[in-house]
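Trainee: One letter stands for each residue in the lines below.
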Amino acid sequence: MEIKVAQKMLDANDEMARHNRLLFKEKNVFVINIMSSPGSGKTTLLEKTLGRIQPDINCGIIVGDICTKNDAERILKTGAPAIQINTDAFGGECHLSAGSIEKAASDFNLEEMDLLIVENVGNLVCPAEFDIGEDVRVVVLSVTEGEDKPLKYPLMFRESSLALLNKIDLLPYLDYDIGLTKKYITRINAEMPVIEISSKTLEGFDQWIEWLKNRIIQKK
Amino acid sequence: MHEMSIAIQIIEIAGASIPDELKGTPVEKLNLKIGKLSAVIPDSLVFCFDIAAENTAFEGSFLNIEEIPVRLKCLSCDHQWIIEEPAFKCDSCNSGSIEVISGRELDIESIEFQD
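Sequence lines, in order, name chains B and C.
Mapped onto the numbering used here, the consecutive letters of the first sequence carry residue numbers 499 to 718.
Mapped onto the numbering used here, the consecutive letters of the second sequence carry residue numbers 20 to 134.
With the rest of the complex left out, here is chain C (with noise of 0.2 Å):
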């Protein structure tokens, strides 16, 4: 799938986002949120990461995923809810007009340095 290139663009996006007062301090931990209606595999994704985090500011540090919910809106009633399952149907009204408010995510966070 698509995870290497992914893992290739985190680091070029989180890599250039480093003050030039941190450059050198190891990082620690590179936080994400990913959302569980995208089409990225976290285990999969930290697998590629280590790989490409070899010989970057990146190298050894955890990549720690937060993963987000898939949250719906019924554009009929207006009733919010969270789904497991692939249902897009609201569970109050039946409504089949529906938008997702979250679980689209492939956000990159925030990064942490070691003291």
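Just chain B, with the same shape it has in the complex (with noise of 0.2 Å):
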């Protein structure tokens, strides 16, 4: 005898998410869920994010990481609120939930706040699959990764509204093919921007200044 179930293995996280979604947009907040290998960069590309947008825009970070609260100290450091979220405490889990966002955007006045930037846990797979009741999510690859992350990890590139190619200031050390990288993203996502950029020389922050706050402006 068999019996139907039709039902989603992820159904009670993408209604968490489209729950977040709802409150999000009530309360008029633009929320970016940023992905990366680990090492890639996030952290600092953030934190000279916020130093480009505050205090003109009220900014609310969330950071994922399996354990240590590192991340977030740093990004307080800039007068951002900042909430770890810390996934051993849930199971070891290599990416964050709607719930787990859920629980962490409870502890912050979204009244006040214009923009929520989710920092992922390192992990180019796992994150992918997770909605999370993002607007938008940003997948950055820095140049040291070798160029043919985007084909080993179709979903993420598939997934993602931006591409941002950090570390651009290496270039010069190393022996690596922008322009393959970039052709093997069209390959994937041909509808993606691409921005090249670097946390320490600032190069492309101006373009992904502008990307940002038109989607910000969007969603208003």
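Calculated from the structure, these hints are not laboratory results.
Mixed in with the good hints, there may be bad ones.
Covered, in the sense of this in silico footprint (three residues per stretch, anywhere, with C-beta under 8 Å from a C-beta of chain B), are these stretches of chain C [what the hints assert, rightly or not]:
1) 34-46
2) 74-82
3) 91-102
4) 121-128
In silico negatives: residues of chain C with every beta carbon more than 12 Å from chain B [what the hints assert, rightly or not]:
5) F66
6) D69
7) E86
8) Q133
Within a straight-line C-alpha distance of at most 25 Å, the following computed SDA-like cross-link-like pairs (lysine to any residue) qualify [as the list claims (entries may be wrong)]:
9) B:K567 <-> B:K502
10) B:K680 <-> B:K718
11) C:K92 <-> B:S659
12) C:K92 <-> B:L660
13) B:K506 <-> C:C96
14) C:K92 <-> C:D134
15) B:K681 <-> C:C96
16) B:K506 <-> B:V623
17) B:K523 <-> B:V503
18) B:K506 <-> C:S121
19) B:K502 <-> C:K48
20) B:K506 <-> C:K52
21) B:K681 <-> C:Q133
22) B:K650 <-> B:A688
23) B:K506 <-> C:D110
24) C:K55 <-> B:R713
25) B:K681 <-> B:E643
26) B:K650 <-> C:Q133
27) C:K42 <-> C:D134
28) B:K681 <-> C:R123
29) B:K650 <-> C:W100
30) C:K92 <-> B:Y682
31) B:K523 <-> B:E708
32) B:K698 <-> B:Y674
33) B:K502 <-> C:E103
34) B:K680 <-> C:S129
35) C:K92 <-> C:E73
36) C:K42 <-> B:S659
37) B:K650 <-> C:S24
38) B:K506 <-> C:F81
39) C:K55 <-> C:P105
40) C:K92 <-> C:I102
Virtual Cβ for every residue (Gly too), placed ideally from N, Cα, C.
Using the supplied hints, reconstruct the complex from the two chains, each of which is provided in its own coordinate frame.
Mentor: Below, the structure is given as structure tokens:
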């Protein structure tokens, strides 16, 4: 005897993500989910970004890591409120779930916030599968990681609205073909814009900040 | 990765859909659909499921996974095709404006009970 179930495995997460999205819309908060592999420079990128957009834009930051509060402590120094989620408390998960975002967001004053930035757990695989209720996903790829990462992690690059190619100040010291990376990104997601950026020299930051501000305005 | 937490969710969702009259009847098979573009690895999921199923209605049952190919549709010319390699560009008109029609599935289809 066979009975139909016809349900999605991630129903619970998707339902919570819908709930988050409604809440963020009601509070007029633009939410960006930043994803990358470990060590691609997400936290430094955030520190430098916050330095450029505060205090004009009121920000809140959620940082996900398996362990340590180091990233939140770095962000707090920029003056932005930051909450660290350590996923080991929930079983060492490799991604942030919609439920963990809901819990963290309840500790912020969303009424006074324009932009919520979520720095996901460093991992190019799992975070792409889990909707957290964000408006956009941004993938960060640094030029020390190998040109073919978009082909190896296609879901991440399909699901993102912007790719930031980070650490381009290192290009003179590397045998890295940035044109090849862009070609591979086009093969996965031809419509996604790509911005070359350096958190050290701030090259590309004008373009990145402009993209971000435009998206925030579009939501309002 | 996250296969263990997904295995636990599958057991919770499927367990909740067993009607009262079938409670206690041994489950033979649990049928799933997993898209090839999803971030779930079938072998890992089976491994985790067998552990997570202990002391539940699904202990000893077979996890039957149908892998769903990645099917794309070109939004410019309506052409549809299946990809084996990650190349999201229309193989008919070369457009990069592509919709993924299937391949993202993470679905629990049905439960089969022993007669």
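Trainee: Please flag the earlier hints that this structure goes against, numbers listed from lowest up.
Mentor: 2, 3, 8, 9, 10, 13, 14, 17, 21, 23, 24, 26, 33, 34, 35 and 36
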